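Trainee: So the chains spell out like this:
6 protein chains.
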Amino acid sequence: MILRIDKLAIDLPKPKNPSPNSAAAIQELLGGKYGEMSTLMNYTFQSFNFRGRDKLKPYYDLIANIAAEEYSHIELVSYAINLLLSGSTTRGTDPTATPLGSAVDARNSYHFIASGQTALPVDSMGNPWTGANVFSSGNLKLDLIHNFFLECGARANKIRAYEMVEGPTARTMVGYLLVRGGTHVVAYARAIEKLTGADLTKLFPIPDISNKKFPEARALEEQGLHQIQFIWSPEDFRSISEIWNGPHPEDGSELRVEEAIPAGFTPPNLPEEPQLTAPGVDPEFIREVARRISR
Amino acid sequence: MILRIDKLAIDLPKPKNPSPNSAAAIQELLGGKYGEMSTLMNYTFQSFNFRGRDKLKPYYDLIANIAAEEYSHIELVSYAINLLLSGSTTRGTDPTATPLGSAVDARNSYHFIASGQTALPVDSMGNPWTGANVFSSGNLKLDLIHNFFLECGARANKIRAYEMVEGPTARTMVGYLLVRGGTHVVAYARAIEKLTGADLTKLFPIPDISNKKFPEARALEEQGLHQIQFIWSPEDFRSISEIWNGPHPEDGSELRVEEAIPAGFTPPNLPEEPQLTAPGVDPEFIREVARRISR
Amino acid sequence: MILRIDKLAIDLPKPKNPSPNSAAAIQELLGGKYGEMSTLMNYTFQSFNFRGRDKLKPYYDLIANIAAEEYSHIELVSYAINLLLSGSTTRGTDPTATPLGSAVDARNSYHFIASGQTALPVDSMGNPWTGANVFSSGNLKLDLIHNFFLECGARANKIRAYEMVEGPTARTMVGYLLVRGGTHVVAYARAIEKLTGADLTKLFPIPDISNKKFPEARALEEQGLHQIQFIWSPEDFRSISEIWNGPHPEDGSELRVEEAIPAGFTPPNLPEEPQLTAPGVDPEFIREVARRISR
Amino acid sequence: MILRIDKLAIDLPKPKNPSPNSAAAIQELLGGKYGEMSTLMNYTFQSFNFRGRDKLKPYYDLIANIAAEEYSHIELVSYAINLLLSGSTTRGTDPTATPLGSAVDARNSYHFIASGQTALPVDSMGNPWTGANVFSSGNLKLDLIHNFFLECGARANKIRAYEMVEGPTARTMVGYLLVRGGTHVVAYARAIEKLTGADLTKLFPIPDISNKKFPEARALEEQGLHQIQFIWSPEDFRSISEIWNGPHPEDGSELRVEEAIPAGFTPPNLPEEPQLTAPGVDPEFIREVARRISR
Amino acid sequence: MILRIDKLAIDLPKPKNPSPNSAAAIQELLGGKYGEMSTLMNYTFQSFNFRGRDKLKPYYDLIANIAAEEYSHIELVSYAINLLLSGSTTRGTDPTATPLGSAVDARNSYHFIASGQTALPVDSMGNPWTGANVFSSGNLKLDLIHNFFLECGARANKIRAYEMVEGPTARTMVGYLLVRGGTHVVAYARAIEKLTGADLTKLFPIPDISNKKFPEARALEEQGLHQIQFIWSPEDFRSISEIWNGPHPEDGSELRVEEAIPAGFTPPNLPEEPQLTAPGVDPEFIREVARRISR
Amino acid sequence: MILRIDKLAIDLPKPKNPSPNSAAAIQELLGGKYGEMSTLMNYTFQSFNFRGRDKLKPYYDLIANIAAEEYSHIELVSYAINLLLSGSTTRGTDPTATPLGSAVDARNSYHFIASGQTALPVDSMGNPWTGANVFSSGNLKLDLIHNFFLECGARANKIRAYEMVEGPTARTMVGYLLVRGGTHVVAYARAIEKLTGADLTKLFPIPDISNKKFPEARALEEQGLHQIQFIWSPEDFRSISEIWNGPHPEDGSELRVEEAIPAGFTPPNLPEEPQLTAPGVDPEFIREVARRISR
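Chains as they are written, first to last, in my numbering: chain D, -19 to 275; chain V, -19 to 275; chain Y, -19 to 275; chain R, -19 to 275; chain P, -19 to 275; chain S, -19 to 275.
Hints are computed from structural coordinates only; laboratory data are not their basis.
Hints may contain errors.
Treat identical chains as interchangeable: a pair holds within one or across any two.
Derived BS3-like pairs (lysine-lysine); straight-line CA-CA distance at most 30 Å [what the hints assert, rightly or not]:
#1 K(-13) <-> K193
#2 K182 <-> K(-4)
#3 K193 <-> K182
#4 K(-4) <-> K192
#5 K37 <-> K(-4)
#6 K193 <-> K37
#7 K182 <-> K(-6)
#8 K182 <-> K(-13)
#9 K182 <-> K37
#10 K35 <-> K(-13)
#11 K192 <-> K(-6)
#12 K(-4) <-> K35
#13 K(-6) <-> K37
#14 K35 <-> K193
#15 K192 <-> K35
#16 K192 <-> K(-13)
#17 K35 <-> K(-6)
Here the structure is a predicted model, which means the values were calculated and not measured.
One chain only, chain D, in its complex shape (with noise of 0.2 Å):
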């Protein structure tokens, strides 16, 4: 069971100017089969599918703990592809004025005839999230190894992406993602580690630039956002703190363990877009169904 926190783990600038085209681009690190959604459901059904969790509850606390993180992951990833679309077809009640008009030269026109220039599960190419994107093999080590290069793989596309996208909305976004992604590389490396003796240390970073090249993520890792598991849960999974311990691999700063999340930011409230009847097309009818509930 969840409990849902109506807010975003950081203040998410709003862009300047609205980017159908970047956008699409951030798509990837959302429903990519190296997105959030790929992380999210990876480590939730390992969690669920877990067998012998009675003998290797660290090993089950920290998968279930990042799964949980994961999901403000998703979120956040969405909340940048929507302030990146809001606005960017014409606003109004007129549809022979074209207001899409635009949209049909945009990379994904899924966002303007699917959704309301919103966020979908969905690829940068507009290929949709798939199942086949689990892996849950209920073998320990290979699922750790697994959920490393998982890890790896999402650092490479958020990499690519951070370097396709300017402005503040994708890039705050993403400095704070490789940020707390590049932890959860570090907590997969641990939980090998201490589950063979196989030290991975060397092989930090993949691929081989420093976070701290990317000043968004830079910012984060001085005031040691780096080093830090937060417990995603009221009263469970404080077991993480048996695998999440000793120096960090690239700084050797300390990892510690902290019994809370972040205090989180209330999420943006998105504009009305009439022209796409999101939520509706009339502002007068809006405002009488705001009327009639309230009595």
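Chains V, Y, R, P and S: place on chain D using the hints.
Mentor: Chains V, Y, R, P and S in isolation, oriented as in the chain D frame:
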């Protein structure tokens, strides 16, 4: 963001006998077009994508809150599948004994090759869940009608799954989902009524067979579980009470909001399946790992 | 069985200029999840699969009859796409002149590689239509609710396509489909009302923008086209009049059955595109073939 | 545009016993890559997309006319599947009796979960038909060669389906399709000959087993059914006689055009399956609906 | 088993300018339904699956030998794509400079996110190649007709790709493939003739435009390259000469077998793209790795 | 370019009894996500796409050389499937005898409808292999980690396939693949170590069960087959010895390069299946064809 609570919504009985083909059928309720992955992801994305939520907050809260409950449903279906699969092949560590011999005739070979006799985000034919199942048009009226239809389709599948699979594991789970899913059908009907004035009461039940015909569901409805929307958040989503009120369309009992979630039950510890190397082959190795980590 | 009549339901104007990206967008109305392939195939299969039709004949007739009309809609959308694509590359027989050079930047490359600048059963992102779009549960109430929702989703897509694409070819076609699809929304609403007693009138229009806001649709509604169900069969399906009657939910005008189909118009003769070898390269060869066959 | 005639091309016998796995196999002839959905949609789109039809009318007419016949084939295969599935689970209204218990082991679970024991546009493994199966290059010669190959592939599948499934329902249907599909193989061979002069006679039959080896097909060929192209239009497509003429490549009998379609037979009334809520659960409710509508 | 020779069949010129959208279009020839992955895999599987090869060895040899040549074709198309993509973004190691900025508008974002500006087994819309493209019925006549059609479809795509993309890289490659693929069309036509006696000569060329119209192909045909089947094996497949003989159907020149393969050319060394971390970011690191390994 | 050698790497024993469901399971090792099509195509594309190979030649050589070996693995798995399917239905030429009757209950109907009881590039559920399984990021470290993981995943699947299927055909094949695939796991681990200095020795074996537990694999390892990388090229790829050296991580024996490939065995002549028209129906026709061609 979410907080995860390591509990199942109900106490799932263990099956007398494992049943791989029953597990394969139940997958439809997890990864099918009308399964719980679909309800979870539809409402989750609709909540991220909601435009004009400042004016229409009760609708936003309703969708976001139901999304949160759906997480507990993918969890329940997954555990039911896992219980039906545990022990379905011959436990042991000698591969030459053909311990997975029976799997050759099972309907879902992924349960034995891709997973360790556990759930996957696929449907009853093994086809993966896809993001194409998410509808998020941005038009509130249309999204609500979609959700109403989706819940009715999901209900039809639950009824058929119940009729396919005997035994307490599946039926306890399906009985619970019939009741809780039933509250979602009513919730979307109420939301449509509040938004437009149209009264959908006479449509119930869809399909035309009452939950009362399913003993496990009837027992729960006698306790009033069909009258309640839980609030799946420590502080948010309270305004659903502006929509979730009035008489239940089937039995006229009073709909009410409960500012809490179910107490829940500790999920079953899934037994080891060494022939699947899940979580590993050698019990000594697992003991050793357990020892090592607790140092 | 069907009889095919080599006519289009309306007289499609030729575009002033070809527009490949407009054609790519319009594909959503053909091969998209809510496109005409979906309405055609949903109702066609539901009619084949109808159980108990002896007792519920008007419902069977309604679904079967609307299915037949949908054929004329896939035809219309296909021809609109074909007209938008004709002439969009450089006509000629010399491949070294890079006659398809502009296609490299077009949104749907299949139009130039797989087809000869003509329609394909794919959506606006080039993803193929799939049989997974067909819903046929066998439960009449549920199938009707599905169909009602499907038509509303289709209407939303038509509205957005209209807003994306200027010019008389697309808009004449979309205007007509808004009116005719509108009669299908009403028909399924009426069928639900007849079946259950629930009155869906207050839901209209979905999304909340009237057909009257679209000049091409308004002109047709002023002629009463939104009040009519044609009968797409020489002898069958007459009992739809038991469902299709009463006032139109939006303007109160009287619904009526017409025991005929539209007169129709000769489809445009699509010009040759020799650079695509469509239908061939050499005009002399084509003349020769024409001569030979008429011997 | 089409007119639909509520008749089946042949009189389909009811099976002695239902057979879900036979129905699952027969699905290949409906929704498989070489099934009737493919022939229907290939020729339909090729006819919409035909360039230069003023000069090449007999070819256009041939493709369009065969497309129209294919509709009667998807209808026939669907009804055969429906007959094989009817009665395959336990009729009744008590879900606790596990009326669908046997479906857990059936090869196509969609028949029991997604549909009401009826046909779906999927193949023998339950994979959906896809628009990617449509070939429409615009080059007449290439499209004809494709169609010739497609019909040969379809013939191979029919032969194998015949060999897999006993009983009069499937075999009457397949026997008819072997004969009628056989006329399409010949038609495309003739069209290629008329277009290019190449004589394909020696290729027949493909695969190398004659229709005469199939008693149900032989009986129909003895009546000359393999010599006829029907004209599936009240007024159009007459020029096919410029292609469809000369001797049959297998038995030398004279090919001839019939300006009519088969008389046809009333489709079977599919029995109610209350355990699938198809069309509903309660017979009283259905009676009541029937009464209400006739008011 | 295979032996791999690290050479390309031809000397691929480098493009004057990179062109991502041209590369995207050329992908159709690699991963499209009628691309080289399809020809490679169709013939490879048909050769593994060939029944009765003791009696029909020349047919087996022909299919197996052509399969081997197709490997050199996926190689060539891949390198052409790689050359068109190299240098298409800004080389450098500073991610904040938005080095991949232009990729946001490119037609195939996978080239920049999933690969390092290199080829992938996808088509011109980015959809992955699928095993569903493999036809292997086991009936020799039908498989040969399929292969003949497949090669014709592939030829049509090559012609269109040529017409879409200017510049020597693509056109040298396509010109070569037109000639070599042309020998495969003839080979399957000859095999059909040998098997059945049917003469397909009059069908050529398909589509109806000669290779001679493509300067790069014409130059190679003037050297006789269209008359040759190479033998892609040190010792096997010699019996193809029983099929590959007689006059070429287009120009009457004599078909002949060459018991060798082309000499080939060293494949281009693809330049580093540090902004894609391909093969790494830091040139010093790469030098260091190179040093370390040679110790 | 490749040279194909018409030999199988090992001598595959024929099964005592055909077993279609075993064949269906073994398909996972061919067309599954972790099957041999995936290893073949991943390394093949990574070799085409390798950037900076002048500086990193041993890595390029290693990937390219392993790619070449994988071809012999798709061949072996395909032949194992073919042997398991041969004779699994009733041989004969009379279709009315329902010779394929048993296929109706088989798990993979494509084996009987699409192929002639032979292998297809699909997985154990009949889903086709897809190009989406290819990972080729261009970052050498990441690609190597991917390959290491892929081989571990492939090993897990081989173990499970071994445990599912009895009999010498499957087990001889899987035993060989366990050993040869094992050398690929070690090779990628060595490459990672050479590149980064990280020692992965303690991870072995993954999953945690030694090849020595599988008699067919143990026998081959006793001959030292796990210590060898063959060179699959007459002249290229020699520099792999700079990576493939040192002690084997599991038994400490010395890794060594062999500049040759296995001698190989003539592939089995697959028997005719006339009921599948494979390669044809009539033995006289086949004899006649054989005669004709040798003229």
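Trainee: Any hints from earlier that this structure breaks? Give me their numbers in increasing order, please.
Mentor: When the structure is compared with the hints, numbers 2, 7, 8 turn out to be violated.
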